[in-house]
Amino acid sequence: MTRMEYDHHLNELKHEIIRMSSLVEELLAKSMKALVEQDIEEAEEIIESDDVIDDLQNAIEEQCITLIATQQPLAGDLRIIFAAIKMATDLERIADYGVGIAKTVIRLKDEEYIKPLIDLPRMTDIACEMLKKSVQAFANKDVDLAMSTAKMDNKLDQLFRQIYRELLTYVMESPRHINQMMSFVLIARYLERVGDHITNICEWIVYNATGKRLDLD
Amino acid sequence: METVMLDTGISERGDMQKSRVKVGIKKLDLFYSDFQALKDVNMDIEEKKVTALIGPSGCGKSTFLRCINRMNDLIPGCKVTGDILIDGTDIYKENIDVAYLRKEVGMVFQKPNPFELSVFDNIAYGPRTHGLRDKKKLEIIVERSLRHAALWDEVKDRLNKTAMGLSGGQQQRLCIARVLAVEPSIVLMDEPTSALDPISTGKIEDLIAALKNDYTIIIVTHNMQQAARVSDYTAFFLLGDMIEMGPTTRVFQLPGDKRTEDYITGRFG
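The listed protein sequences derive, respectively, from chains F and C.
So for the first sequence, numbering that gives the first Met the number 0 puts the first residue at 0; every next one is plus one.
So for the second sequence, numbering that gives the first Met the number 0 puts the first residue at 0; every next one is plus one.
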């Protein structure tokens, strides 16, 4: 078999995407934990750790540009490179939402929550599960898994609407806590958007495996 | 949730413009004595489009190219069966005028092969062979052919000097001009840039893009990027079989056959 060096770089690229996805998942889960526990220290760490993910995105893009410039990728090789660039962008956005949650932790540090957080952690669990499955689908070029993972986004949409309605009633009952309620609505919205980005990722996984562009939204 | 197919721009048809088959190949087999070099090749080549033939050395792509102007007739022991129809006429029919066929189907080779004559006489050679003597008419043909081959400005002041003094890239464009001088409708190119530097290669590729407005071009190339850049259709050959043919964008993005993918991505053997 020829092109061993090239294959080595393409494999490396694949692993970088998998690594980035794991880091993003971890960041998202930690940010929600910090929110629930009002852990300021953890929140600050998360905000700092975002640099690692930004650097990883840049490194992946660099790798892709170098491969395009030096190896003239075609067919499946071209698809994985294009998919990697797009996936890295979506993953970086997801990390930004995690950072948004961490910043909320700091903003609400002196407030006592008027209700225990249940549905926001649930949304986060679903998002993390989706990330896990999408990585698996990417690694194994598993189109069915990518499609079923994208479907999980419906649950996030439902939960977002549910949280929105619920918090609206809280706001009406207790306008004094409007800052806190608005922050939670925003976080629910962040997580709903995370689901959309994972859906995009699933579309790129399908593209990488089949060359077909699906709209899974 | 709905699953909607987006248009990827990768279709089986190169474009939606009305196209016409210029060369139809049906059940083509070719033998060099006992060795079968082409196996049941079926292919439609569209008029005024560039079709690239790719494949590893010895796969039969140059052999295939030479079938289209019956250059293989000159090889001892070569036997061709099946049909090649140009504008509907079978070129292997008994009463075909091969000299006329080769005027209709011009050929450019790997290595530029100008005659040891002046630039002018190189271009005028073909028309003279076909009986044209009128100096004025020859001058018009020479200028038009050189302009068509994007060489006129570089040689107009040295038409009477030997063609051997031109650079490799200029010589290759001269050979293309020489082909164009007899007004073919098909131009076959057998690795026309493999002996040229990148600048000359770029000029020939620009020329191919310009020529397809008037000619049907079939090009054999070992350079995958060249096939991707210049052609509308790509056909992949392997061990005498035509494995697949389709619009170039489709073949290079989403090859239908694993062997094509292995070849174009350089993972062969």
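Watch out, some of these pointers could steer you wrong.
[Claimed, not checked] Listed below are several chain F residues computed to face chain C (Cβ distance under 7 Å; list not exhaustive): (1) Thr1; (2) Arg2; (3) Met3; (4) Gln71; (5) Ala74; (6) Asp76; (7) Gly210.
Don't read these hints as lab results, they were simulated from the structure.
Here the structure is a predicted model, which means the values were calculated and not measured.
C-beta atoms are modelled at their ideal positions from N, C-alpha and C, and glycine is treated no differently.
Evaluated hints:
1. Thr1: The hint holds - Thr1 (chain F) has a Cβ within 7 Å of chain C, the shortest such distance being about 6 Å.
2. Arg2: holds, 5 Å
3. Met3: violated, 10 Å
4. Gln71: holds, 6 Å
5. Ala74: The hint holds - Ala74 (chain F) has a Cβ within 7 Å of chain C, the shortest such distance being about 5 Å.
6. Asp76: Given a least distance of 5 Å, the restraint on Asp76 (chain F) holds.
7. Gly210: At 4 Å from the nearest chain C Cβ, Gly210 (chain F) passes the 7 Å test, so the hint holds.
Hint 3 alone, counting from the list given before, is not met by this structure.
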